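Work out the full structure, taking the sequences as your base and the hints as a guide.
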Amino acid sequence: MASNRIKNQHLLWRAGFGPMAENAASLDDFPTQKLWELLIETSVKKPAKIEVARSLSDGLVKGVGEVIRLEKKSPENKDMKKKRRMENKEGIASLNLMWLDTMINSEAQLREKMSFFWHGHFATRVINSYFQQELLQIIRENALGNFGELLRAVSKSPTMLQFLNNQQNKKGHPNENFAREVMELFTMGRGHYTEDDIKEAARAFTGWGFNMQGEFVFRRQVHDEGNKTVLGKSGPFDGDDILAILLSKKETAQFITRKIYRFLVNENIDESRVKSLADDFYQSGYEILPLLNAIFTSDWFYDEKNIGSKIKSPIELLAGIRRYLPMSLDNDEAQMLFQKVLGQVLFYPPNVAGWPGGTSWIDSTSLMVRLQVPQVYSAKEAISLTPKIDDDLAMGTKMEETVRINRNKAYINRGGAADIEWDLIFKAFEKVKRPGLVEAISLSLIQSPKTVSADIITRFSDESSREAFIKSAVINILSTPEYQMC
Amino acid sequence: MLFKRREFIQTGSLASASLMLPKFLKAFENKQLVPPGNKVMVVIQFSGGNDGLNTVIPINNDIYYKERPRLGIPAANALSLTSDAGLNPALTAFKELYDNGNLSILNSVGYPNPDRSHFRSMDIWQSASNANEYVSTGWVGRYLDAQCKGCDKPTQAVEIDDMLSLALKGNSQKGLAFTDPRRLYSSSNENFYKEISNHHEQSEAAVDYLYKTMRDTISSAKYIFEQSKLRPSAQTYPSTKLAANLKTIASLIMSDINTKVYYVSLGSFDTHINQAAQQTRLFTELNDAIKAFTADLKKNNRFDDVLIMTFSEFGRRVSQNASNGTDHGTANNMFFIGGNLKQKGLINAMPNLGDLNSGDLKHQVDFKAVYATLLHNWLNADDETILGKKYPYLDFV
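If you're matching them up, the sequences are chains A and B in order. Following this note's numbering from start to finish, the first sequence increments by one per residue and tops out at 486. Following this note's numbering from start to finish, the second sequence increments by one per residue and tops out at 883.
The reader is advised that the hints may include incorrect statements.
[Said to hold, decoys possible] Derived pair list, reagent style DSBU-like, types lysine-lysine, alpha-carbon separation capped at 30 Å: (1) A/K312 <-> B/K876; (2) A/K259 <-> A/K46; (3) A/K7 <-> B/K698; (4) B/K876 <-> A/K199; (5) A/K89 <-> A/K312; (6) A/K249 <-> A/K259; (7) A/K388 <-> A/K7; (8) A/K199 <-> B/K715; (9) A/K427 <-> A/K312; (10) B/K848 <-> A/K450; (11) A/K388 <-> B/K828; (12) B/K635 <-> A/K305; (13) B/K727 <-> A/K89; (14) A/K388 <-> B/K727; (15) A/K340 <-> B/K525; (16) A/K450 <-> B/K698; (17) B/K727 <-> A/K340; (18) B/K708 <-> A/K388; (19) B/K848 <-> A/K171; (20) B/K698 <-> A/K83; (21) B/K848 <-> A/K170; (22) B/K848 <-> A/K199; (23) B/K777 <-> A/K388; (24) A/K199 <-> A/K171; (25) A/K259 <-> B/K698; (26) B/K708 <-> A/K340; (27) A/K388 <-> B/K698; (28) A/K312 <-> B/K698; (29) A/K450 <-> B/K708; (30) A/K388 <-> B/K525; (31) A/K305 <-> B/K698; (32) A/K312 <-> B/K635; (33) A/K259 <-> A/K233.
Worth flagging that the hints you see were computed from the coordinates, not collected in a lab. Here the structure is a predicted model, which means the values were calculated and not measured.
In structure tokens:
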């Protein structure tokens, strides 16, 4: 059976972004149930907004398609549009880094962790910093609340309306994109509806759009008022009616619970557990916190097979390192570069299905970069990597390429690294005698039952002083495959 | 106070490194890995959506010149192929390949319900999925899954890049990405990594997977580095990135490495604004690199066993836009280059500009049929398993 420390760390990794070194000493004895209560307590209050743009016109613009259309109309405004596009890109980059900082520093660990889950569930790629900022706030406010409310709010957000083309969904010319994905990816999952259900539901969503202020509007004149038949029910449905029908289906509770289980517990599903959790989730009317409570207070969550069984996503890895090792970064480039090269950039999921997760994070290149991340942070070791161009962002300008090259030069020159507050680490282990040091550090970092032997870590560590030894041992342990797991 | 990992590594030096080689590395030594005459494929991805109509130009088509009053390339400037088709003036080496029967062109390649987002459409091309499904593996990756079950040489598909593309990710096997064999070797050849992987004992499945990936990387890096030095290319290549990447590929093709698929990208072809200058710049880089690469392969008698394929995530609109560029379109052409083509020159008709789908070309050939052909006819693989469906074979290889 796992020790109390490992259980506590298991909870902190799954319900948050991992333990902090300064707490390392107290995790041996702290009751796990109390830790869970603390996680709830620190996450209850409404989150402060992460703000990069005050209004739509402030950070402005619309998405890529819109920009092209505008450009066609007024080519003379090209430079202005280009400027705005860059501003939006930078706006989203700021949003990205500010949220990552929040994941690392906020005490509302549970809220940010679940927001991260919903961010991948309701995956959108829209190059509009205001829209993305507003959607992030919807997600963070509802992350622990009611799934139905979250679904309704996300569905009516300009980000989603634009990303899945509902702005173009009009009576007589239905666009089925949103109707399809809301069933396939956001609620029931494949296999529980027909193509006709999608066609009919798309008619119900006609007229859902947004205005120039970035607010939801129901455009009655383009809404199809006729009768629709969706999943066996008939009526002159609108979009809200369809969402209600989807929520009335048990398949929705099962689909969401399964996905949460995979995210929080184990990639390998225990079907009977998921079924019983999903039944309760459905009965509660989709209350998220009680579902999380059932998971994190269960005995089986702390079974050995669930501990250390998940490969950390790049965001979990990067946030986890910085939570354990408090640091001030020389610049933000490294944070963006690592996200790109490791394959997970916040606000840029690969497609509407989100990040696939699991072993898909790992290939030869990404693994070797993962192992080098702690060294780059700690040793100011330069790393020269060129991420792939994102053409949806670059929009055909040569800017992206230039920025990319300059960035790398700057990055190499500056070292792209950090000053780590090692004193906190020294303090955390001050009571541990030298022979037990590697083992103690290892236990605070590694969740797998087997780990790299203290002998190897010691041989590759700097034994010139206690401080140097702790530093090098921490970095070595962070640079192991085992640390990729949580 | 700062320190570097390399400063506190104490055991092992380069001199003693060979004594510390793990067993699995030794398996590679002194062994002829592949028989000569081994067929390989080189994929060149045009990122950003290359404008196919200004690549293979319909020089005899009034609609083309009407829709592109400023951007259309006059027949007199195009490199003439047939009475209907000419090549972009920058592609002189391609014209020469065409004249020698080493180039074929397939027009109107695409897929139903085309997506105009770069990322999504590239996803569809790389995963070989339909427009309405989301697949998290790539077609070359699934080729690895099928070919490489239980094999200990995970170097069958490599990408010359700092990041591995979805195309090369399979369910159980993944390709390897690197830009420089030497850098790959030096970054993975740390004693710390070797030491921990040597001492790893069986553990949870996911941890074992990480260790397997690490061991594969260390051994592949060494294997690739050594192979790349075996017969270094004597050919002079231009000093562009693509040329350097193709030179790396050439040096591996001349070696005895077991690599079957090479993958490399060029971009960005996203020419919304002032297309002519940007496309010319990229095509010049492409043309000069291909010229050196094909000359190198010919000189070393490898040209017959190499097939180069180019593709882009979509073509562009038929009409030019107001910024002397073109916007995202749909169907596009593909090039195939090699010494052993069964159908040379234009494989099918030029696109029909009189029959458009709201301003965009209609596709005539599903790109998955091209993949099926390459997998089956060239790589001798089970295309149906890899693509999940039987597609009709084309006859160009």
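So, going through the hints one by one against the coordinates:
1. A/K312 <-> B/K876: violated, 37 Å
2. A/K259 <-> A/K46: holds, 25 Å
3. A/K7 <-> B/K698: holds, 28 Å
4. B/K876 <-> A/K199: Holds, at about 29 Å.
5. A/K89 <-> A/K312: Judged against 30 Å, a Cα distance of about 27 Å means the pair holds.
6. A/K249 <-> A/K259: holds, 16 Å
7. A/K388 <-> A/K7: Outside the cut-off at roughly 39 Å; violated.
8. A/K199 <-> B/K715: violated, 59 Å
9. A/K427 <-> A/K312: Within the cut-off at roughly 27 Å; holds.
10. B/K848 <-> A/K450: Answer violated: B/K848 to A/K450 is near 57 Å, above 30 Å.
11. A/K388 <-> B/K828: The hint is violated at about 35 Å.
12. B/K635 <-> A/K305: holds, 27 Å
13. B/K727 <-> A/K89: Cα-Cα ~27 Å, so holds.
14. A/K388 <-> B/K727: holds, 14 Å
15. A/K340 <-> B/K525: Since the Cα atoms of A/K340 and B/K525 sit roughly 34 Å apart, the hinted pair is violated (cutoff 30 Å).
16. A/K450 <-> B/K698: holds, 16 Å
17. B/K727 <-> A/K340: Between B/K727 and A/K340 the Cα gap is close to 20 Å, so the pair holds against 30 Å.
18. B/K708 <-> A/K388: It holds: about 25 Å lies between the C-alpha atoms, which stays within 30 Å.
19. B/K848 <-> A/K171: Roughly 26 Å between the alpha carbons, so the hint for B/K848 and A/K171 holds.
20. B/K698 <-> A/K83: violated, 47 Å
21. B/K848 <-> A/K170: Status holds; Cα separation ~25 Å.
22. B/K848 <-> A/K199: Distance ~24 Å between B/K848 and A/K199 Cα, so the pair holds.
23. B/K777 <-> A/K388: holds, 25 Å
24. A/K199 <-> A/K171: It holds: about 12 Å lies between the C-alpha atoms, which stays within 30 Å.
25. A/K259 <-> B/K698: holds, 27 Å
26. B/K708 <-> A/K340: holds, 26 Å
27. A/K388 <-> B/K698: holds, 26 Å
28. A/K312 <-> B/K698: Distance ~17 Å between A/K312 and B/K698 Cα, so the pair holds.
29. A/K450 <-> B/K708: Satisfied, since the Cα-Cα distance of roughly 28 Å is no more than 30 Å.
30. A/K388 <-> B/K525: Holds, at roughly 28 Å.
31. A/K305 <-> B/K698: Status holds; Cα separation ~20 Å.
32. A/K312 <-> B/K635: At roughly 26 Å apart (the allowed maximum being 30 Å), B/K635 and A/K312 satisfy the hint.
33. A/K259 <-> A/K233: Since the Cα atoms of A/K259 and A/K233 sit roughly 27 Å apart, the hinted pair holds (cutoff 30 Å).
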